[in-house]
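Could you build the full structure based on these sequences and the hints that come with them?
If you're matching positions, the sequence shown starts at 7 in this note's numbering and goes up one per residue.
Zero decoy hints are in this set.
With beta-carbon atoms standing in for the labels, derived distance ranges:
1) G19 <-> T159: 17 to 27 Å
2) T159 <-> I131: 13 to 23 Å
3) R162 <-> K69: 32 to 42 Å
4) T49 <-> P173: 28 to 38 Å
Simulated from the structure, these hints should not be mistaken for lab results. Cβ atoms here follow ideal geometry from the backbone N, Cα and C, with glycine treated the same way.
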Amino acid sequence: GGGISLMVIMGSGGHTAEMLRMLSGLDASRYRQRTYVVADTDTHSSAKVAQFEEAIAEEYGTKAGTFNVSHIPRSREVRQSYITSIFTTLRACFHALSIVWSANPDVVISNGPGTAVPICICAYIFSFLGLRSASIIYVESICRVKHLSLSATLLRPFVNRLIVQWPGLQSRGIEYYGFISQ
7 GGGISLMVIM
17 GSGGHTAEML
27 RMLSGLDASR
37 YRQRTYVVAD
47 TDTHSSAKVA
57 QFEEAIAEEY
67 GTKAGTFNVS
77 HIPRSREVRQ
87 SYITSIFTTL
97 RACFHALSIV
107 WSANPDVVIS
117 NGPGTAVPIC
127 ICAYIFSFLG
137 LRSASIIYVE
147 SICRVKHLSL
157 SATLLRPFVN
167 RLIVQWPGLQ
177 SRGIEYYGFI
187 SQ
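Written out as structure tokens, the structure reads:
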């Protein structure tokens, strides 16, 4: 494959479907390594990644590069209190340190699942300290029409690019290009 190492943060359900639609427009031959980060309880996303990568292998053959799936504990379960999510997020951060360090991505891309928070923060810390260098791109989910998600709000200071898909969300430091995950 090519020379770029890409880390893709998958969510569950709609986040995964949206991310795979975005990735389908990429030239896989440009990426020597694709690391997908999936919550450890999310078997659906792991299966969808495997199907997606099978299609890449068929289309690109030996130029497809390689891929792997890394699993991380969820930062926050649906309906989990914000107080207890501090502890589960810290647990996820410890796992994220190892995942980001070993994958050494050039680019990290996310569209908003909670799993993004520890991964993006670890990638940012490694870049800030000069230990690794990753561009972090956060594409807000298409379902966020009026307000940024909690993940986008938390990660805004740490990402290189924050992209939204609705014009009403565009503001200083937030990019808008229309719908990119159709």
